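Undergrad: Sequence:
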Amino acid sequence: MYLDLNANGSRDAGEPAIVNARVLVGSLSARTDSAGAYRVWDLVPFEPVMVSIDSLSLESPLLVPLFARTSIVPGPNRFRSLDIPVVEAGVIEGRVVRNGSGVGGVTLILTDRQRGLQRTLVTFNDGGFYLMGVKPGDYELAVDGRVLDALAVDAEPLRFSLAPTANGIGRDGLELRLKSRF
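Just so you know, this note's numbering puts 181 at position 181 of the sequence shown, and the rest follows in order with no gaps.
Since the hints were made in silico from the structure, they are not lab data. Computed from a predicted structure; not experimentally measured. Fair warning: there could be bad hints in the mix.
To be verified - Calculated pairs, SDA-like style, for lysine to any residue (alpha carbon to alpha carbon, straight line, at most 20 Å): (1) 135 x 172; (2) 135 x 75; (3) 135 x 60; (4) 179 x 146; (5) 135 x 93; (6) 179 x 140; (7) 135 x 117; (8) 179 x 135; (9) 179 x 157; (10) 135 x 118; (11) 179 x 142; (12) 135 x 9; (13) 135 x 15; (14) 179 x 153.
What the hints assert, rightly or not - Across the chosen pairs, the derived CB separations fall in these ranges: (15) 119 x 10: 40 to 48 Å; (16) 100 x 28: 25 to 33 Å; (17) 82 x 120: 47 to 55 Å; (18) 81 x 144: 20 to 28 Å.
Note that beta-carbon positions come from the ideal geometry of N, C-alpha and C, so glycine has one too.
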């Protein structure tokens, strides 16, 4: 397991190991050593097993695995290697406004444009929103269509990218404007 500094999914020279993280392999678990390696024994050959990371064992809530989980099929009398990339995630924040005032309770959908994965979030009473643990990538943030219909409004989705920088990853000042249909 390693910190994927450029979020490319491959271990490059100089990318450090993640130490003492808990890796879940089926019903078993192991901790990573100083090289980021982990070992699990007594797996049933040819039976698929899920591999994931206990995110609470990572030193920061802004460190997240590049993939949530994966399945591997162990072979008999041999070992299998699976290097897990961990990326620095970021925070997005902003507001949903209508006629200059914040609108609370609005459901937003954040879509990773490359993977198609979606996350939902709801605005606070003042129209503000905040989402932590957003991986590097290209995103679209949109108001849920059911909310648009219920309020009889339209809103243009926002497209933006998050990339690792020396100051971390994040985007603030995002603003979705609701416009009346009538």
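Undergrad: Checked against the structure, which of the hints given earlier come out wrong?
TA: 2, 8, 15, 16, 17, 18
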